[in-house]
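Using the sequences plus the hints, can you model the full thing?
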Amino acid sequence: MAAGRKTGGRVKGVPNKATAQLKALAQKHTSEALKTLASIMKGGDSDSARVAAAKELLDRGYGKPAQAIVGGDEDSQPIRIARIELIDLGGA
Numbered sequence: 001m002a003a004g005r006k007t008g009g010r011v012k013g014v015p016n017k018a019t020a021q022l023k024a025l026a027q028k029h030t031s032e033a034l035k036t037l038a039s040i041m042k043g044g045d046s047d048s049a050r051v052a053a054a055k056e057l058l059d060r061g062y063g064k065p066a067q068a069i070v071g072g073d074e075d076s077q078p079i080r081i082a083r084i085e086l087i088d089l090g091g092a
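Just so we're aligned, residue 1 is where the sequence shown starts under the numbering used here, counting upward by one.
Hints listed in this document are in silico derivations from the structure and should not be mistaken for laboratory results. Warning: the hint list may mix true and false statements.
Straight-line alpha carbon distances no greater than 30 Å define the calculated BS3-like cross-link-like pairs of lysine-lysine that follow [stated by the list, open to error]:
id : residue 1 : residue 2
1  : 23        : 35
2  : 17        : 35
3  : 28        : 55
4  : 12        : 64
5  : 55        : 42
6  : 35        : 55
7  : 23        : 55
8  : 28        : 64
9  : 12        : 28
10 : 64        : 17
11 : 64        : 23
12 : 64        : 35
Just the calculated beta-carbon pair ranges, DEER-fashion [claimed, not checked]:
id : residue 1 : residue 2 : range
13 : 14        : 89        : 27 to 33 Å
14 : 42        : 75        : 35 to 41 Å
15 : 42        : 16        : 35 to 41 Å
16 : 90        : 27        : 45 to 51 Å
17 : 18        : 61        : 23 to 29 Å
18 : 38        : 86        : 42 to 48 Å
19 : 24        : 61        : 18 to 24 Å
20 : 23        : 81        : 30 to 36 Å
All values derive from a computational prediction rather than experimental measurement. Heads up, the beta-carbon is just placed ideally off N, CA and C, and yes, glycines get one too.
In structure tokens form, the structure reads like this:
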């Protein structure tokens, strides 16, 4: 960094071209991939394969469930963060 400014690399917010191309290529196979997962879910050889396929379909259709961060013992409530404050560490 020069005088606190970013001097190289991509401009903030501009997507990586390689990542965008890979994502576009992968999206072309979405329909076939979902059909494959559904086929495994319905007729997979093992219970674990069927469960894994069902989980993947649900995650893609509805998103992954949120995970609570629990502190202390098993009976504790999830930790709630009310405020995050940035502090200056003296030029660090």
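Now the hints, each set against the structure:
no.	hint	result
1	23 - 35	holds (19 Å)
2	17 - 35	holds (29 Å)
3	28 - 55	holds (22 Å)
4	12 - 64	holds (27 Å)
5	55 - 42	holds (13 Å)
6	35 - 55	holds (14 Å)
7	23 - 55	holds (22 Å)
8	28 - 64	holds (22 Å)
9	12 - 28	holds (28 Å)
10	64 - 17	holds (27 Å)
11	64 - 23	holds (19 Å)
12	64 - 35	holds (20 Å)
13	14 - 89: 27 to 33 Å	holds (30 Å)
14	42 - 75: 35 to 41 Å	holds (40 Å)
15	42 - 16: 35 to 41 Å	holds (37 Å)
16	90 - 27: 45 to 51 Å	holds (47 Å)
17	18 - 61: 23 to 29 Å	holds (28 Å)
18	38 - 86: 42 to 48 Å	holds (47 Å)
19	24 - 61: 18 to 24 Å	holds (21 Å)
20	23 - 81: 30 to 36 Å	holds (31 Å)
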